[in-house]
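Visitor: This is what each chain is made of:
4 protein chains.
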Amino acid sequence: MNDGEIFRLPIRVYYEDTDAQGVVYYANYFRFMERARTEWLGSLGVDMARLQDEERRIFVVAAVRATFHAPARLGDTVVVTASLLGLTRASFDIEQKIYRDGTDGELLVGGTVKAAYLDADTMRPKRVPSSIFGKR
Amino acid sequence: MNDGEIFRLPIRVYYEDTDAQGVVYYANYFRFMERARTEWLGSLGVDMARLQDEERRIFVVAAVRATFHAPARLGDTVVVTASLLGLTRASFDIEQKIYRDGTDGELLVGGTVKAAYLDADTMRPKRVPSSIFGKR
Amino acid sequence: MNDGEIFRLPIRVYYEDTDAQGVVYYANYFRFMERARTEWLGSLGVDMARLQDEERRIFVVAAVRATFHAPARLGDTVVVTASLLGLTRASFDIEQKIYRDGTDGELLVGGTVKAAYLDADTMRPKRVPSSIFGKR
Amino acid sequence: MNDGEIFRLPIRVYYEDTDAQGVVYYANYFRFMERARTEWLGSLGVDMARLQDEERRIFVVAAVRATFHAPARLGDTVVVTASLLGLTRASFDIEQKIYRDGTDGELLVGGTVKAAYLDADTMRPKRVPSSIFGKR
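Chains as they are written, first to last, in the working numbering: chain A, 690 to 825; chain B, 690 to 825; chain C, 690 to 825; chain D, 690 to 825.
Please keep in mind that the hints were generated in silico from the structure rather than gathered at the bench. Relax, there's no trap hidden among the hints.
Taking CB as the label site, the calculated pair distances span:
#1 T756(C) / H758(B): 20 to 26 Å
#2 H758(C) / D742(B): 24 to 30 Å
#3 D742(B) / A779(D): 25 to 31 Å
#4 E743(D) / R739(A): 48 to 54 Å
#5 D742(B) / D810(A): 47 to 53 Å
Glycine included, each C-beta is placed from N, C-alpha and C at the ideal position.
Go ahead and model the full structure; you've got the sequences and the hints to work with.
Guide: Right under this line is the structure:
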């Protein structure tokens with residue numbers, strides 16, 4: 690993967706995602722972000738279920754930051770992006786944005802996520818396989 | 690729509706859908722079912738957001754039955770179906786099934802949902818527009 | 690436990706539980722029901738986490754039926770009940786009701802849940818320990 | 690309220706909160722945080738449902754930061770804190786921490802939340818009532 694590449698996942702907003710304010714409940718944007726991260730990693734050859742079951746490795750979220758600019762609403766299609774911001778030995782930083790309709794549309798949420806790569810049994814950090822993000 | 694027609698929506702299972710038993714949390718199958726109902730109604734010309742905002746009409750679930758035959762797991766793609774079982778003046782019954790991979794795959798969940806059509810302000814029953822399910 | 694006994698758990702409704710219709714999202718009542726089942730089983734000496742981790746036994750929902758009579762709203766306190774309806778070798782049926790404010794209040798949801806007792810590794814049925822529901 | 694005061698809400702971890710990694714799903718910690726904020730504001734006399742319905746004012750999350758130190762697990766009781774970090778004309782910053790068992794226990798999550806006070810109809814910022822946080 691080219692560092693500058695940005696992965697995009699369209700997501701439809703259903704009643705389950707919204708709350709009594711009539712907009713998407715703030716914690717649910719993090720669910721959307723994880724769907725995009727999963728599909729992005731899948732596009733890079735990482736199958737998280739197989740990774741956990743067979744290799745006993747998991748990705749866990751170590752930190753997040755997000756700014757909520759405008760709300761998504763019932764029936765909206767949002768596009769969630771994921772791109773690599775930085776990589777250390779046992780973790781990587783991902784930039785994620787959520788736009789209404791498409792990446793040309795209104796920016797709803799901007800955030801960063803630090804994902805750590807762990808041994809699923811000991812929960813200790815493990816080196817992120819270089820195969821995932823290519824030669825650096 | 691032809692009564693015998695069955696609507697199908699593929700859904701990917703993410704971590705958010707699962708629980709510590711390693712499978713999809715039982716209540717979340719109802720979220721999947723509602724996504725399929727929403728897309729099915731959308732395919733019949735019903736925009737639930739516009740319906741609520743402009744016409745002040747909503748669909749609400751009045752009753753459900755479901756049998757859980759086998760669990761979906763992280764990374765699975767399931768296919769959720771929706772088809773019309775019956776229609777009364779102010780409600781309709783929907784049959785919904787969830788299969789692993791596709792409708793030829795393993796049946797995971799079978800259920801029925803009674804949806805009522807209500808005035809969003811008074812919460813009183815309203816006649817389901819005949820335009821939705823065609824001439825009967 | 691006396692068969693006729695009814696367990697009660699009060700639950701507060703937060704934004705996370707509601708949807709853009711301004712009421713509790715239908716699937717979330719099943720989360721409320723499971724909280725009550727968990728606390729009820731806990732009151733009978735069943736620690737589900739320990740059961741899964743140490744004895745490799747789990748309870749899974751095999752079937753549910755629910756009728757939604759009236760909605761709970763943001764800020765409501767609902768009371769969720771659980772009581773034993775019937776017991777077979779490897780499963781039991783639970784009656785669950787959800788009331789606004791208390792069991793003297795408005796009935797919002799009535800339902801039944803069939804819970805199966807399984808080996809967590811093989812997912813095969815296991816005999817429900819007689820210690821849970823007392824001599825029968 | 691005294692600025693230095695810290696509000697505490699105990700929360701039980703159920704299956705619904707966990708994921709297939711066997712721990713609480715990261716986005717659900719934000720649900721826990723909001724439950725604590727709601728009860729904290731309630732203890733300060735703010736009824737969010739009444740506020741939205743009668744005064745057409747809502748609190749929305751404008752930004753969050755969180756660091757996940759260690760996971761909560763099924764059956765854990767966590768304690769979620771909320772305390773005022775700072776107050777501007779139309780928003781306030783809240784510090785929130787999540788501990789296992791109690792505030793003497795292991796720190797699981799630390800975070801800050803910026804909440805904005807808005808007109809529910811126009812979604813424009815409104816001055817936070819001085820009655821909420823007392824004389825400053």
